[in-house]
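Heads up: the sequence lines are chains A and B, in that order.
Sequence positions in the first sequence follow this note's numbering and run 104 to 575.
Sequence positions in the second sequence follow this note's numbering and run 104 to 575.
If a hint is listed, it holds; no wrong ones were tucked in.
Which copy is meant is left open, because identical chains are indistinguishable; a pair holds if it fits in one copy or across any two.
In silico DSSO-like links for lysine-lysine, alpha-carbon gap of 27 Å or less:
1. K173 with K421
2. K400 with K573
3. K370 with K262
4. K421 with K131
5. K326 with K513
6. K404 with K374
7. K137 with K516
8. K405 with K250
9. K421 with K435
10. K570 with K366
11. K266 with K374
The hints are simulated quantities; they were obtained by calculation from the structure and are not laboratory data.
In case you want the letters, here they are:
There are 2 protein chains.
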Amino acid sequence: MTTPESNVELVDAGQLTLDLIEAQYGLKNTRGQKNAKSLVILVSGIELAGKGEAVKQLREWVDPRYLRVKADPPYMMQKNQAFWQPYTRYIPAEGQMIVMFGNWYSDLLATALHVSEPMDDTLFDAYVAQMNAFEQDLKNNHVDVIKVWFDLSWKSLQKRLDKMDVEEQRWHKLHGLDWRNKKQYDNVQKLRQRFTDDWLIIDCEDAEVRDQQFAQAILKNLKHLPHYPTQVKTKWKQAEVPKALLAPATAEMSSEDYKAELKSLSKKVAKAMRFDPRKVLITFEGMDAAGKGGAIKRIVKKLDPREYGIYTIAAPEKYELARPYLWRFWTKLLEDEKISIFDRTWYGRVLVERIEGFATPVEWQRAYDEINRFEKDLSDNQYIIVKFWLAISKDEQELRFKAREETPHKRFKITEDDWRNRSHWDDYLNAAADMLQRTNTFYAPWHVIATNDKYSARVEVLKAILKQLKAD
Amino acid sequence: MTTPESNVELVDAGQLTLDLIEAQYGLKNTRGQKNAKSLVILVSGIELAGKGEAVKQLREWVDPRYLRVKADPPYMMQKNQAFWQPYTRYIPAEGQMIVMFGNWYSDLLATALHVSEPMDDTLFDAYVAQMNAFEQDLKNNHVDVIKVWFDLSWKSLQKRLDKMDVEEQRWHKLHGLDWRNKKQYDNVQKLRQRFTDDWLIIDCEDAEVRDQQFAQAILKNLKHLPHYPTQVKTKWKQAEVPKALLAPATAEMSSEDYKAELKSLSKKVAKAMRFDPRKVLITFEGMDAAGKGGAIKRIVKKLDPREYGIYTIAAPEKYELARPYLWRFWTKLLEDEKISIFDRTWYGRVLVERIEGFATPVEWQRAYDEINRFEKDLSDNQYIIVKFWLAISKDEQELRFKAREETPHKRFKITEDDWRNRSHWDDYLNAAADMLQRTNTFYAPWHVIATNDKYSARVEVLKAILKQLKAD
Numbered sequence: 104m105t106t107p108e109s110n111v112e113l114v115d116a117g118q119l120t121l122d123l124i125e126a127q128y129g130l131k132n133t134r135g136q137k138n139a140k141s142l143v144i145l146v147s148g149i150e151l152a153g154k155g156e157a158v159k160q161l162r163e164w165v166d167p168r169y170l171r172v173k174a175d176p177p178y179m180m181q182k183n184q185a186f187w188q189p190y191t192r193y194i195p196a197e198g199q200m201i202v203m204f205g206n207w208y209s210d211l212l213a214t215a216l217h218v219s220e221p222m223d224d225t226l227f228d229a230y231v232a233q234m235n236a237f238e239q240d241l242k243n244n245h246v247d248v249i250k251v252w253f254d255l256s257w258k259s260l261q262k263r264l265d266k267m268d269v270e271e272q273r274w275h276k277l278h279g280l281d282w283r284n285k286k287q288y289d290n291v292q293k294l295r296q297r298f299t300d301d302w303l304i305i306d307c308e309d310a311e312v313r314d315q316q317f318a319q320a321i322l323k324n325l326k327h328l329p330h331y332p333t334q335v336k337t338k339w340k341q342a343e344v345p346k347a348l349l350a351p352a353t354a355e356m357s358s359e360d361y362k363a364e365l366k367s368l369s370k371k372v373a374k375a376m377r378f379d380p381r382k383v384l385i386t387f388e389g390m391d392a393a394g395k396g397g398a399i400k401r402i403v404k405k406l407d408p409r410e411y412g413i414y415t416i417a418a419p420e421k422y423e424l425a426r427p428y429l430w431r432f433w434t435k436l437l438e439d440e441k442i443s444i445f446d447r448t449w450y451g452r453v454l455v456e457r458i459e460g461f462a463t464p465v466e467w468q469r470a471y472d473e474i475n476r477f478e479k480d481l482s483d484n485q486y487i488i489v490k491f492w493l494a495i496s497k498d499e500q501e502l503r504f505k506a507r508e509e510t511p512h513k514r515f516k517i518t519e520d521d522w523r524n525r526s527h528w529d530d531y532l533n534a535a536a537d538m539l540q541r542t543n544t545f546y547a548p549w550h551v552i553a554t555n556d557k558y559s560a561r562v563e564v565l566k567a568i569l570k571q572l573k574a575d
Numbered sequence: 104m105t106t107p108e109s110n111v112e113l114v115d116a117g118q119l120t121l122d123l124i125e126a127q128y129g130l131k132n133t134r135g136q137k138n139a140k141s142l143v144i145l146v147s148g149i150e151l152a153g154k155g156e157a158v159k160q161l162r163e164w165v166d167p168r169y170l171r172v173k174a175d176p177p178y179m180m181q182k183n184q185a186f187w188q189p190y191t192r193y194i195p196a197e198g199q200m201i202v203m204f205g206n207w208y209s210d211l212l213a214t215a216l217h218v219s220e221p222m223d224d225t226l227f228d229a230y231v232a233q234m235n236a237f238e239q240d241l242k243n244n245h246v247d248v249i250k251v252w253f254d255l256s257w258k259s260l261q262k263r264l265d266k267m268d269v270e271e272q273r274w275h276k277l278h279g280l281d282w283r284n285k286k287q288y289d290n291v292q293k294l295r296q297r298f299t300d301d302w303l304i305i306d307c308e309d310a311e312v313r314d315q316q317f318a319q320a321i322l323k324n325l326k327h328l329p330h331y332p333t334q335v336k337t338k339w340k341q342a343e344v345p346k347a348l349l350a351p352a353t354a355e356m357s358s359e360d361y362k363a364e365l366k367s368l369s370k371k372v373a374k375a376m377r378f379d380p381r382k383v384l385i386t387f388e389g390m391d392a393a394g395k396g397g398a399i400k401r402i403v404k405k406l407d408p409r410e411y412g413i414y415t416i417a418a419p420e421k422y423e424l425a426r427p428y429l430w431r432f433w434t435k436l437l438e439d440e441k442i443s444i445f446d447r448t449w450y451g452r453v454l455v456e457r458i459e460g461f462a463t464p465v466e467w468q469r470a471y472d473e474i475n476r477f478e479k480d481l482s483d484n485q486y487i488i489v490k491f492w493l494a495i496s497k498d499e500q501e502l503r504f505k506a507r508e509e510t511p512h513k514r515f516k517i518t519e520d521d522w523r524n525r526s527h528w529d530d531y532l533n534a535a536a537d538m539l540q541r542t543n544t545f546y547a548p549w550h551v552i553a554t555n556d557k558y559s560a561r562v563e564v565l566k567a568i569l570k571q572l573k574a575d
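Put together the whole structure using the sequences plus the hints.
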């Protein structure tokens, strides 16, 4: 049968459950395959429309062990967290799915409804655009997103409120909204229409229609396994390698000058970072032995060890590879960490992963925009981002490699990988050139530091931080 | 030179840093080796003694990228979290180390000092005993623990308080204690002496002595790589396999009776779990195809999907194998989850890991006590633990395997592993018998359910939950 309102054909529940379970195991089997995906289901809607019941019914129809459900009270959109930060750790690995009751849209709605001043439409729409872009990035990186709005008319809502008993009220958290207030109801409807264009809207008048429409939409999505293109259409325009990378200009500094400069600069840097109202994110890329570790040591010299975290990025683990490549960085950015320093970063996508072929051309060519958006979201939410490329000459690298091999406490720092990377020297220079050209944004600028002379390099790093913090 | 107070020989700082870095890389290289370990450094002490400074100096001497530092304000010892719950997620993988400023002892101290009524000595000592046992379990499972108390005399503390300026005060969080109050100082000293017997106590009168004593202790520990015994000394006393496992008594139930019973029981179970003040932890073990999934489905039938989480346990991943085997369960128990259901559990240690040889005899034979302690800690902190062994006969399993292979939506449930496990049938029965005998505690009892008849099995599971919740 077809219901007139929604054009949903009610199917046999027994068949539906068989189809859902089969599709669910089909999804599980995509793990590690070319058509892999995971599924994030965002649910929102009018109170008492029955989104809880629809998910409950779905969980009865599928194998509940492979459908995770996440529910949190809404986070107010804060100026110190990007909208995706509370959620990224729940993004499932390929082959898995999750229903998110609390999600970035419910946060936006709650914030718009609860702030003392009404949220400006332009700001609201800007958030929605950011959210859509984030979801597109998820989709490109094997995480499908399906969004469902459970709708209910004003009249039916009032009837359901009349019938609700005390125990039920306990389980329907009304998020402090007065659903008896027609003006507020209209306001919710008006606001949600600003973002639900690409949502499945379910009219929840009838419970059976609601549950079937929801489950059938999930089924359809589960069956649809994406094709991810690996070939690009146009030829890649390689950026010219800047002189600063080809032949890093070496300014030599005496030991005395260095010590004096370091003493004063490291104090200034500590103070500037500590008292800046923003969170500080400092990232390092560069050839092996360019001096990342040494620079980091000087940045933290005058900090209390409780004020900062250092993240040393190595090859991803299996559980990280089953998620978008940014996932392991999303989840390392802690809400309460004031200063975070990354020794190697997300730029691995367009450096080592590009060069070694771990990312397809489509993937790494798309990554520049993804990374820019990622950094923009952080920058919009109280992060100041200071990015370093440490530029060393090929000869100087060789000298340092050999010195490391001969020095007991440094020989652990050098491995066969380092020599192998060195054999790709020109590839890395080209990749770095493209990266610098495409990700040098006003909100997250690159600093290229010549490091053949260690002393002046460290001093320059500290000065660059001060400059970007406007504390010089 | 040797200082008279502490017998610390001050060594050349240059040599110390070389030794520390070498030892640090030595630790890194243990990963995956037989002598692997990670290192947790707990630091506590009198305010202004300088534990922050000592860690800062340590971080300058070592490679700071491989020394993580964790600092949190103290958690009050709560009745709904075991003392280790806020910390387990920070327990490092083999080859890594972390300094924990906030730790279970600082929580205990803060709680004892801040509760309106003084904490009973017996309770305090019981906590300390639990903490020591937990640390011993960590050590046995490749996580070394070193504990350092930074001490300062009353006189010196007062002098340092006199000299402290405003900016300094900002970075020394005094946790609301009045360090000008001699009585309170004495109380801290009295309390900490109840747990610092096996700690390194550093007298912090002199900063250089303090920093060197601390760093030298870490160096000594880094150099000491443990030997983990793999051979047991005595013969294992195999428990007799109970009849309930050998020949599960099958009570057949008609479809009508089942439906009626299920309807009433699933409602009762939902209500009982929802309104019980404790958190509910339900675990399932049993042969493949014994009906774990089906039983779980009926437990959650009348629950809102937001009220519970289901955890399906498969083989551990690499990052999980680099930590104690309980780690992946510790970190799944969420503070705010009311009902957690595990489809396979930590008992894998004494079942599949024992049988397949993934755990050595020493390891699995020790695991019974470790698991009992783990469950006791949870039970002491507002968890009710309901454990099920689903007992099926070998013939019935074969029937179900074949049925699964022939049913489209079930054929995904059967793999070669299942047939392989079946070939170890008697080993599993023996392992289950040992497990039931050694981990059937009053705070976390086992329920053995005969499952040859699916209907009666599901009903029995629900009844057992009600019984243990005293809601039948």
